[in-house]
Amino acid sequence: MVRRSVGTALGAAVAALTLAACGTTGPAAGGAGGVTVWALQDPALNPVEQESIERFNSGTDGRAKLETFVNDPYKQKLRVSLGSPNAPDVFFNWGGGNLAEYVDAGKVADLTPVLEADPELQSAFIPSVLETARLDGRYYGIPMRGMQPVVLFYNKKVFADAGVQAPRTWADLLAAVDGLKEAGVTPIALPGAQAWTELMWAEYVLDRLAGPEVFQTIRQDGPAGWRDPAVLAAMTKLGELLDRGAFGANFSSLTWDDSAASTLLAQGRAGMMLMGSWEYSRQLEANPEFVEGGDLGWLPFPAISGGEGDPGNVVGNPTNFYSVTAGAPEAATEFVSTTLHDPEYVDALIAAGDVPTVTGIEDKLAAAPNADFTTWVYGLVRDAPNFQLSWDQDLPAADAEYLLTQLQEFFLGNLTPQAFVDALASR
Amino acid sequence: MSTVHQRPSLWYAVPAFGFFGLFAALPMVLVLYLSLTSWQGLETPAFLGLENWSRLLTDPAARESLGLTVLFTALAWAVQTPVALLIGVWSAGRQRNRAVLGSVFFIPLLLSTAAIALLWQSLLNPNFGLPQAVSAFSLPQFLGDPRLALYTVVFVVSWQYIPFHALLYQGATRAIPTTMYDAAIIDGASRFSRFRLITLPQLRYTIVTSSILMVVGSLTTFDTVLILTGGGPGTATRIAPLYMYDTGFVGFEMGYASTIAVLLLVFGTTVSLIMMRVTRFREMRSQQEGQ
Chain A
1 MVRRSVGTAL GAAVAALTLA ACGTTGPAAG GAGGVTVWAL QDPALNPVEQ
51 ESIERFNSGT DGRAKLETFV NDPYKQKLRV SLGSPNAPDV FFNWGGGNLA
101 EYVDAGKVAD LTPVLEADPE LQSAFIPSVL ETARLDGRYY GIPMRGMQPV
151 VLFYNKKVFA DAGVQAPRTW ADLLAAVDGL KEAGVTPIAL PGAQAWTELM
201 WAEYVLDRLA GPEVFQTIRQ DGPAGWRDPA VLAAMTKLGE LLDRGAFGAN
251 FSSLTWDDSA ASTLLAQGRA GMMLMGSWEY SRQLEANPEF VEGGDLGWLP
301 FPAISGGEGD PGNVVGNPTN FYSVTAGAPE AATEFVSTTL HDPEYVDALI
351 AAGDVPTVTG IEDKLAAAPN ADFTTWVYGL VRDAPNFQLS WDQDLPAADA
401 EYLLTQLQEF FLGNLTPQAF VDALASR
Chain B
1001 MSTVHQRPSL WYAVPAFGFF GLFAALPMVL VLYLSLTSWQ GLETPAFLGL
1051 ENWSRLLTDP AARESLGLTV LFTALAWAVQ TPVALLIGVW SAGRQRNRAV
1101 LGSVFFIPLL LSTAAIALLW QSLLNPNFGL PQAVSAFSLP QFLGDPRLAL
1151 YTVVFVVSWQ YIPFHALLYQ GATRAIPTTM YDAAIIDGAS RFSRFRLITL
1201 PQLRYTIVTS SILMVVGSLT TFDTVLILTG GGPGTATRIA PLYMYDTGFV
1251 GFEMGYASTI AVLLLVFGTT VSLIMMRVTR FREMRSQQEG Q
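Sequence lines, in order, name chains A and B. For the first sequence, my numbering puts the final residue at 427, and the numbers step up evenly by one. For the second sequence, my numbering puts the final residue at 1291, and the numbers step up evenly by one.
Calculated directly from the structure, the hints in this document are not laboratory data. Positions of the beta carbon are idealized from the N, C-alpha and C atoms, including for glycine. It is possible that some hints are incorrect.
If you want the ones that stay clear, here's a sample from chain A, every Cβ over 12 Å from chain B, calculated [as the list claims (entries may be wrong)]: (1) Q50; (2) S84; (3) D104; (4) K107; (5) S123; (6) G225; (7) E240; (8) D258; (9) G306; (10) G360; (11) D399; (12) G413.
Computed from the model, here is a short list of chain A residues facing chain B with C-beta under 10 Å [claimed, not checked]: (13) A105; (14) D228; (15) L232.
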């Protein structure tokens, strides 16, 4: 491995030197006006993206090409490629702190002039969502898919069989956990081999207990903010849930990427799963009979009595964006400014179970196949007082990695709530 | 005759030195430089001096990962050496059943590391794999339990590499002159004594070679662990190469990751040099007839 890592480092170093030597050559990918588009792998949405690119290709002489990657490796590949001359022309991102690092390094094209020149484009998206890709007053991304709030999915059949109620409050949740355990079902599927799924629990419990301000302070003023008593209270509450056996015995081996957790929920071997709204598309793709039979239920995260946070708040990803790299061919800008609010693309997203961030689509959503879910999500986000971007996207990469490791240690029982707070605050 | 003993021209070594310089020596120098910088992978590395190194000395995570590496290496050696030695010596026999079984044992050698890691990951998955199939026995979580995960990784790595080392031992055993055994049999030596007094001493240089390969291989193991556990659960299997990777390609602290890389490089080289010295690898002589 030493040798391989050395090789990678050499590649990066040579790339950096080449870049420095050539001045501002910018991305060379694609050649002759070709546009490379990078997105996350998603069996339900990739065909939609591919069709959109094909429509773009047939209308102009710009030849765009879609390349897709799995979540975790994508972040690495994007980072390395943006530091090299092999950057894509258009890349998928989460906005917020994640995008800011690339903007600060001068790697991302400013799309403000494009939006200003085309009022129709600017008004096509929900303003608060567009804001996520706005940094220092300039826009750096166009929403390329739906809103992705994290919601509590549950298996209605399992709940009915166990005779438990869908949880609206934390007390309900605890009762449901006990009831499901008695029925011999894992109460909550937690793909704990991937720490970001554990993070969703921490984000919501802290938000319900104390509102979004605690994390905002941490993000702006640094790690000392973890010492806020609300963090300790939230982790203690999570610890109680853990000790109750809410996540079953096997969560540390469970992954989301390979659909293992989704399968447990669909097969009725688990009762609930806290996941981004993209879980709906995944279930529709992998277990259509589960969704169409009406067994897949969804709820906002339960309210915590006495908590100061608004129970209407959501966490997750406001949306994903396409950003254009600095120096990409003209066709790249044309691609993001013409295809993403195109009615055909929006309709296809809706048909795949996604909820686009385009304005005025309530009627479309209501008329589309998955209206139950999509109109609910649209309403949830529209009415949310605050939409907190996932912490691991909102923090600098190194801090996010450290947070995820500590969180995994906490869920494994290796750290007490206090030790967790100490570890994060003293970084 | 004199032309036969003449040294070949040094020019013949140019391609080898060229490749070594470009793909081994130069990257090492670059990594050494990067270890003195702060680099997020996007902009030009900023020179920091020895800051990364002082951070390394006080980083409990680095100490933990280095400790895990040493433990992993020791365990991998202790498991692989006896098993590979026995399988190798056993399969060196010319009997037909040994040839057939020997070929079966060598199958893992044909699989790629990624395939092996994915295979074992699926097999050990508590919800869908072997533990689910034999749920009556309630097997532990081999990969999800922080106390077990490292041993599971040692097992999988051993499963993968034992065939290779067994092959080394098989070849070396077959090279032992049969006259030695014939003489021993005449003297009335038992099967065990023949193994202990002839086979083992004759294999000692192979043991050294195999051990060095194992130790250096284990110190730099990466792909199996990345796919099998990703260093988890928590940090239970985050050995040093993985910690370097997490720092560099997940946290994007390329400078500090290079510091860990240099440490690993120095550590690995030192260990192999010590092993060479202790085992007198350079003074190896054959005791076989005619040489």
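Hints versus structure:
1. Q50: Correct as stated: the minimum Cβ-Cβ distance to chain B is 27 Å, above 12 Å.
2. S84: violated, 9 Å
3. D104: Answer for A:D104: violated, closest chain B Cβ roughly 8 Å.
4. K107: Its Cβ does come within 12 Å of chain B, the nearest being 6 Å, so this is violated.
5. S123: Label holds. Min Cβ-Cβ 33 Å, cutoff 12 Å.
6. G225: holds, 20 Å
7. E240: holds, 20 Å
8. D258: Given that some Cβ of chain B is not farther than 12 Å from that of A:D258, nearest at about 9 Å, it is violated.
9. G306: holds, 32 Å
10. G360: holds, 38 Å
11. D399: violated, 8 Å
12. G413: Non-interface label fails for A:G413: nearest chain B Cβ at 9 Å, not farther than 12 Å.
13. A105: holds, 4 Å
14. D228: Result: violated, 24 Å to nearest chain B Cβ.
15. L232: violated, 20 Å
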